[in-house]
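**Q** Listed here are the chains, written in short residue letters.
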Amino acid sequence: MRRPLRWLIPAAALPVLGLLAYGFRVNPHDIPTPLIDRPAALFALASYDGPPMNLEAHRGHVVVLNFWASWCHPACYEEAPVLERNWQAYRDRGVVVLGVDIQDKPEAGRQFINTFGLTFPNALDPVGKVSVDYGVYGVPETFFIDGKGRVRAKHVGAVTDAAFRREVEQLLAER
Amino acid sequence: MTRPARVLILVVLVLAAPALAQLPATNVDDTQLYEVASYLRCVVCQNLSVADSPSEMALQMRGIVREHLAAGESPEQVIQYFVDKYGEWILLSPRRHGFNWLVWLAPAAAVAVGLTIFVVVVRRWTRRRAHATATPVPIDPAMRERIRREMDMESDR
Amino acid sequence: MIPELGYGALIVGMLLAVYGAIAAAASARTGRVALLESAQHAALGVFGIVTAALLLLVYAFLTFDFSLRYVASNTTLTTPFYYRITAVWGALEGSIILWSWMLALYTLIVILRHRHNARDLYPWVLAVMLGVLAFFLLVMTVPAPPFERLTPIPADGRGLNPLLQDSGMITHPIALYLGFTGFTVPFAFAIAALATGHVSDRWITMTRRWTIIAWYFLSLGLLIGGWWSYHVLGWGGYWAWDPVENAAFMPWLTGTAFLHSVMVQERRRMLKLWNIGLVIMTFSLTLFGTFLTRSGVIASVHAFTQGSIGAFFFTFLSLVVLCSLGLLAWRWDALAAEGELDSVVSRESAFLLNNVMLVAAAFTVFFGTVFPLLSEAVRGTKVSVGAPFFNQVNVPLFLGLIFLMGVGPLIAWRRASLENLRRNFLWPVVIGSVAAAVFFALGVRSALAALTLSLTVFVASTIALDYIRATRARRRMGEGLLPAMGGLLGRHNRRYGGFAIHLGILVVAVGITGSHAWSVQREMTVKRGESVELAGYTFRFDGLAARENGNHFLVESSFNVSNGHATSRTLHPAKKFYPNEQSPIAHVDYHLGLIDDLYVVLGDFARDGTQATVKIQVNRMVSWIWIGGLVLTLGAALAILPERKKPA
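Chains as they are written, first to last, in my numbering: chain D, 32 to 206; chain X, 85 to 241; chain W, 13 to 660.
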C-alpha cells in the first residue's frame with residue numbers, strides 16, 4: 032500500500048469512535064411515543080369506587096390520564112399527592128384526572144388510593160389492554176389529552192406541579 | 085464480481101429472509117403465538133422478547149397478542165398494532181425499509197468484501213508462486229509410498 | 013481505617029504502575045538495564061499492592077464493614093458467607109479490582125517467563141502491560157473507587173442483587189475476566205514487535221500458549237454465562253444477543269480468527285500484518301466490552317453504570333485504538349511481505365476463509381449492536397436490534413465455519429492434490445450425506461437443523477477418520493491399540509487438542525441447533541390438582557407453600573411431572589421476595605436431561621394457593637451445550653501441554 036493510504040487504517044477508527052461518543056448524549060431509556068396528535072384510544076374499565084371509567088364520556092374536557100402501580104417505588108408515591116393537589120385545583124375548570132392501575136392486585140391498589148386519599152377516579156387494568164393501547168413501558172406515565180380526544184403530550188416519570196400546570200394550561204388555552 | 089461471490093451473496097440474502105408463518109388465524113396455537121411474540125420486544129426487560137420474558141408485562145402482552153390472533157388478525161397486523169402504539173423500537177428486528185437496510189445488508193457486504201479480498205489476494209499470491217517453479221524431482225513408487233507413510237505418522241507437519 | 017488504607021494503597025499502586033511503564037519504555041529506548049530492573053520491581057510492587065487491596069476488600073465484606081459504601085451497597089447482615097466473597101466483584105468497582113488483580117498476575121507471570129527469552133521485546137511488553145494496569149488503577153482511584161467511605165455508617169447494607177446470588181456469579185466473571193485480561197499479553201507482544209521493528213514470527217510463537225489460554229477462558233466465561241442465564245433468569249434461554257453479551261462474543265470471534273491465522277504465519281511466514289491487526293482488534297474489542305458494560309451508552313440488562321466512568325473508558329479505548337493502529341501503519345513496510353500460495357485449494361486458503369467468516373461475523377455483531385445508536389444519530393428514530401436479527405444473519409456464517417472446521421485440519425498445505433482430497437474427504441462426505449437422509453427419515457423437517465446436523469456429522473467423520481488412520485499406522489509399526497491412541501495424543505497434543513476443541517464446538521453447535529429447532533413452551537393458569545400437558549409430559553399443580561428462608565421470603569409451588577413410562581418427579585418453582593427488591597424474583601426449577609430439559613417458571617399465584625399461572629418449557633438438547641464445554645476444556649488442556657521432544 033502506498034505511503035499515505037496506509038494511514039486510512041487508523042483513520043477508519045475515527046467515525047466509529049465518534050459514533051460511540053455520540054452515545055453519551057442519548058438516553059437509551061427515553062423512547063419517543065408515536066401517539067402524539069393521534070386520537071387517544073378509548074377504553075372502559077370498572078373503577079375502584081363509583082361508576083365505570085369511560086374515556087369517551089369525557090370528550091370535550093381536558094383529560095390527564097395517569098398510569099401507576101402500587102409496587103412503583105418511589106416515583107408513583109412521589110407523584111400521587113401532586114396529582115391529587117392539581118386535580119382539586121383544576122376540576123372546576125373542567126379538567127379530568129383519571130388514574131389507571133396496571134399489573135397490580137386490587138387490594139394493593141385500593142390501599143394505595145386510601146394512603147393518599149385520592150379522590151379522582153381510578154381503575155384497575157386487569158389484562159394490560161389499556162396500558163398497551165397507550166404504549167406504556169414503565170410506571171408512572173402521564174398522558175395529556177385535549178378536548179377533541181387527541182393525545183397531546185406524554186410525561187414519563189413522576190409528574191411535578193410545574194409539568195402538570197404547564198401542559199394543562201396550554202390545553203385549556205386552546206379551547 | 086466473480087460468479088461464485090454473487091451466488092454466495094444471493095444464498096446469504098435468501099437464508100436471511102424473514103420466516104413469519106402465514107397460518108390462518110382461526111385457531112390460536114401456541115407456536116404461532118410465540119412466533120409473533122418473539123418479534124416483539126419486552127418493554128420492561130432489556131433485549132428479551134415478549135415470547136421469552138417471564139415478566140408480568142410480557143405475560144399481559146402475550147395475552148393481548150393471543151386476543152388479536154383469535155380475532156382473526158394476521159401476524160403482520162398484530163405486529164403493526166404494537167408498532168402503532170410503541171414505535172419501531174418495539175420490534176426486535178428492524179423493519180426492512182429505508183435506512184434499516186443498512187443493518188440487514190451489512191453482513192452480506194462484509195462477507196462480499198472479505199471474499200473479494202480473498203480472491204484478489206489468492207490470485208496475486210498464486211501468480212507469484214507460479215513464477216518461481218522448480219522442476220519436480222522424479223521419485224520412484226516405493227519411495228513415494230514410504231514418504232506417504234512417514235507423512236501419515238507425522239500428520240501434523 | 014480500611015477505606016483510607018485501601019484507597020491509599022491503590023493510589024500508590026497506580027503511581028508505581030505509571031512509573032514502571034515509563035521506566036520500561038525508557039529502558040527499551042536507551043537499553044539501560046537498571047531502568048528495566050526498576051520497572052520489574054515496580055511491577056512486583058503493584059502486584060503485591062493490588063493483592064493486598066483485594067484481600068482488604070474481601071476482609072471488609074466478611075466482617076460486614078459498612079463504613080465502605082461498596083460493602084453497604086452489596087451485602088446485608090443476612091447474606092451467606094460465600095456470597096459475601098463473590099459480592100466483592102458483584103458490582104462495578106469490585107469488578108475493576110478483580111480485573112486489575114488478574115492483569116497484575118499476568119504481568120507477574122510474563123516477567124517470570126519472558127524476562128530472559130525475549131530480550132528485545134520484553135521491555136516494551138512490560139511497558140504496555142503496566143500501562144494498561146495503570147489505567148485500571150486510575151479508574152479505581154477517580155471515577156469508581158471501591159474504598160469510598162460511607163458516612164454515617166448504616167446499620168445494615170442494601171444487599172446483593174438476588175440474581176447474583178448464584179454459583180454462576182462465582183465462576184462466570186472470573187473466567188470471563190481471565191479471558192479478557194489474557195488477551196492483553198499477545199497484544200503487548202504485538203505492540204513490542206511494532207515498536208522495536210522486530211516483526212518476525214518470534215512474538216507469535218512466544219504468545220501461542222497465552223492466546224489459547226485467554227481464548228479458552230473467554231469461551232468458558234461465555235458458556236458459564238449461558239448456563240447462568242439458563243438456570244437463573246427464568247426465561248429458559250441461554251443467549252439473548254444483549255449488547256454486553258455481544259461485547260464478550262466479538263473478541264471471542266476475532267480471537268478465534270487470530271488463533272487460526274497465527275498457524276499460517278508459523279508455517280508459511282505469511283499474514284504478518286493481518287495477525288497484528290487481528291490481535292489489536294481483539295484487545296480493542298475487550299476494551300470496548302468493558303466500555304459498553306460500564307458506560308450506559310447502549311441499554312443492557314448487564315450494564316452497571318455510573319458517573320463519569322464511561323468517559324474514562326472511552327478515552328482509553330480511543331487512545332489504544334488510534335496509537336496501535338498508528339504504529340501498525342508506521343511499520344507497514346516491514347510487515348507487508350507478499351505471500352506465496354501454490355493453490356487456492358490448500359490449508360492456507362481454508363484458514364483465510366475461516367478468518368473472513370469470523371471477522372465478518374464479528375463485524376455483523378458489532379454493526380447490529382451499535383446500529384440503534386447509528387439510527388438515532390442519523391434518523392432520530394430509536395430502533396431495536398435483537399435476537400431475531402442476529403440469529404438470522406449469523407446462521408450462514410456459522411454453517412460455513414462448521415464446514416471449514418472439517419476441511420481445514422485435513423486439507424494439505426500449499427496444494428491439495430485430488431488424491432489428498434479424496435483420501436481425506438470422500439468418506440466423510442458420504443457419511444454426512446447418509447446422515448442427512450437418516451435425519452430426514454427420522455422426521456427432522458427443519459432444513460436448517462438437518463443441514464447443521466449433517467455438517468456436524470461430516471466434520472466429526474473427518475476427525476474420526478484422521479484419528480483412526482493415524483492409530484492404524486502406528487499399530488502397523490507394532491504398537492498396541494491403547495498405547496497407539498495415547499501416544500498419538502501425547503506426541504501430537506497440539507493437533508489432537510485442536511481436534512478435541514473442534515469436537516467440543518460441534519457438540520455445542522448440536523445443542524444450539526436442537527434447542528432452537530425442537531424446544532416447546534406453554535403457559536397456563538391452573539387450579540390445584542389440574543394438569544398441563546406438553547410434549548408428552550404431564551405437569552400437575554399440587555399447591556403452594558410459604559416460609560421464611562434466610563434473607564428472603566419464599567413461596568414455593570409443587571409440580572408433579574410424569575411422562576407415562578418413567579418415574580415421576582417433583583419440581584418446585586418458586587418466587588422469592590427480598591425486602592430490598594421492588595418485585596419478587598422468580599426461582600426457576602428444572603430437570604436436566606440429555607435430550608429433554610423440563611423447565612418450569614412460576615408466574616402469578618393466588619394467595620390461598622388454589623391457583624397459579626405457570627410457564628412450562630420442554631427444552632431439547634440444551635445439555636449438549638454444557639457437555640460441549642467440557643470437551644472443549646479437555647481439548648484446551650491437551651493443546652497447551654508442553655510439547656514432547658520428538659525422537660530422532
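Source of the hints: derived by calculation from the structure; they are not laboratory data.
Please note that a few of the clues may not be correct.
[Stated by the list, open to error] One-sided excerpt, in silico: chain X residues whose CB lies under 8 Å from chain W: (1) L132; (2) P138; (3) K169; (4) G171; (5) H181; (6) W185; (7) A190; (8) L199; (9) V204; (10) R230.
[To be verified] Non-contacting residues of chain W with respect to chain D, defined by C-beta distances greater than 12 Å in every case (computed): (11) A46; (12) T75; (13) T91; (14) I165; (15) K394; (16) S396; (17) L438; (18) T582; (19) D616.
All C-beta atoms in this analysis are idealised placements derived from N, C-alpha and C, irrespective of residue type, glycine included.
**Q** What are the numbers of the hints the structure violates, in ascending order?
**A** Of the numbered hints, 3, 5, 6, 9, 10, 15, 16 and 19 do not hold.
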